[in-house]
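> Residue-level listing of the chains:
There are 4 protein chains.
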Amino acid sequence: MEQDSLIELRDLARAFAAERDWGQFHTPKNLAMALTVEAAELAEHFQWLPTGAAHELDERKRVGIRHELADVMLYLIQLADKTGVDLRSAVLEKMELNRAKYPAEKVRGDMRKYNEY
Amino acid sequence: MEQDSLIELRDLARAFAAERDWGQFHTPKNLAMALTVEAAELAEHFQWLPTGAAHELDERKRVGIRHELADVMLYLIQLADKTGVDLRSAVLEKMELNRAKYPAEKVRGDMRKYNEY
Amino acid sequence: MEQDSLIELRDLARAFAAERDWGQFHTPKNLAMALTVEAAELAEHFQWLPTGAAHELDERKRVGIRHELADVMLYLIQLADKTGVDLRSAVLEKMELNRAKYPAEKVRGDMRKYNEY
Amino acid sequence: MEQDSLIELRDLARAFAAERDWGQFHTPKNLAMALTVEAAELAEHFQWLPTGAAHELDERKRVGIRHELADVMLYLIQLADKTGVDLRSAVLEKMELNRAKYPAEKVRGDMRKYNEY
Chain A
-18 MEQDSLIELR
-8 DLARAFAAER
2 DWGQFHTPKN
12 LAMALTVEAA
22 ELAEHFQWLP
32 TGAAHELDER
42 KRVGIRHELA
52 DVMLYLIQLA
62 DKTGVDLRSA
72 VLEKMELNRA
82 KYPAEKVRGD
92 MRKYNEY
Chain B
-18 MEQDSLIELR
-8 DLARAFAAER
2 DWGQFHTPKN
12 LAMALTVEAA
22 ELAEHFQWLP
32 TGAAHELDER
42 KRVGIRHELA
52 DVMLYLIQLA
62 DKTGVDLRSA
72 VLEKMELNRA
82 KYPAEKVRGD
92 MRKYNEY
Chain C
-18 MEQDSLIELR
-8 DLARAFAAER
2 DWGQFHTPKN
12 LAMALTVEAA
22 ELAEHFQWLP
32 TGAAHELDER
42 KRVGIRHELA
52 DVMLYLIQLA
62 DKTGVDLRSA
72 VLEKMELNRA
82 KYPAEKVRGD
92 MRKYNEY
Chain D
-18 MEQDSLIELR
-8 DLARAFAAER
2 DWGQFHTPKN
12 LAMALTVEAA
22 ELAEHFQWLP
32 TGAAHELDER
42 KRVGIRHELA
52 DVMLYLIQLA
62 DKTGVDLRSA
72 VLEKMELNRA
82 KYPAEKVRGD
92 MRKYNEY
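Protein chains in written order, with the working numbering: chain A, -18 to 98; chain B, -18 to 98; chain C, -18 to 98; chain D, -18 to 98.
The following block holds chain A by itself, in its conformation from the complex (with noise of 0.2 Å):
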């Protein structure tokens, strides 16, 4: 059987950043600042634009939101690792609470905060 890819994928940040004996800056705080900095970095790609939809992007534009994307997912599976969260489980039971926060007959078609209703 393959490896599921988000074990994979925190193997390989971790081999990436023990290479370069970069575990001194990986502190929580720190993985957490750079990943504001890369969703950031991501959101530029489409401040400028009406809804980012396909026909919005040049091929220039969806290489560089491809890359972010990346970036975004590194350090947000260095910064999970770190302080000891499994992403899968933490998805799952989340998604629990947002079905019982959202139930889905109440807030159909209707984006407002679950305590603005």
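If you're looking for bench data, these hints aren't it; they were derived computationally from the structure.
Heads up, some of the hints might be wrong.
Identical copies look the same in the list; a pair holds intra-copy or inter-copy alike.
[Said to hold, decoys possible] Under the rule of at most 25 Å between Cα atoms (straight-line distance), these lysine-lysine pairs were calculated in the DSS-like manner: (1) 42 - 63; (2) 87 - 42; (3) 75 - 63; (4) 42 - 75.
Note that this is a predicted model, so its numbers are computed, not measured.
Fit chains B, C and D to the supplied structure of chain A, relying on the hints for placement.
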């Protein structure tokens, strides 16, 4: 064989949004914006701490961090899905680029950006 | 003559932090991180709206936006203060650079980045 | 009497956008998004540094920080302008609220959020 986590979570996120008819709000631009918001909520847990190491976190913060990591992951998965990016492939590709930009022997123990060398 | 707003607000922010002995936490790095957090809280008010125009905002949102604008301003003023930057001079200087990078006759009605031309 | 800085800079920002016919792109939502992007570019200068204190910054970083502070300020001023918020009044009002939320004698030397007490 079990399903890969990234595929499983993408499918769950798709179903969650579809059940609530939220596709209309989930433009790439809006998802990118939501991602920066969740990344900042994650960073907020660390902002006044020295490093965010385990002993600096109480149970309340630990749970909050776990939930925010999940929120970032959910928006990241959905944005990748909407822009047609396979996250695993994108990360593998980006790591190749990073290996070329930051050769281990050159950057060991140093975090300056590659263009500052 | 009245005091200039930027000086007045800087002095108030200084006094507020001093009274609470918060200078120890207000490193430039921490202030920069807090600024991104507040900027995201501001953005959160707009993330699912079409444009954020006045008619899309209810009173609750309007008050929230006002408070978040103030929070961003407060961290911006404090970070400028800690790094020895006069905000007014810095803005005037940056506008000169922007005028050179984005000549009005060249970029009229176009928001692509200057290096995309 | 000289003009107040905040009014002066707002008027300059208005003229700059008008000369380029950028008003169509400057919705509150887009400005809020641009503000988070610039705040992250500012934070990027500090992300791998211990504290961002003066001796950790070389001339190149110092200039970069100065420019990014200006960019954040420019978007902040424009977003306040578009949402009809007087920044000075908003900050004075928010500081009153902060004084009530964080009484000096209670929070001295402590940065926990007010709702964690």
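> List, from low to high, the hint numbers that the structure doesn't satisfy.
none
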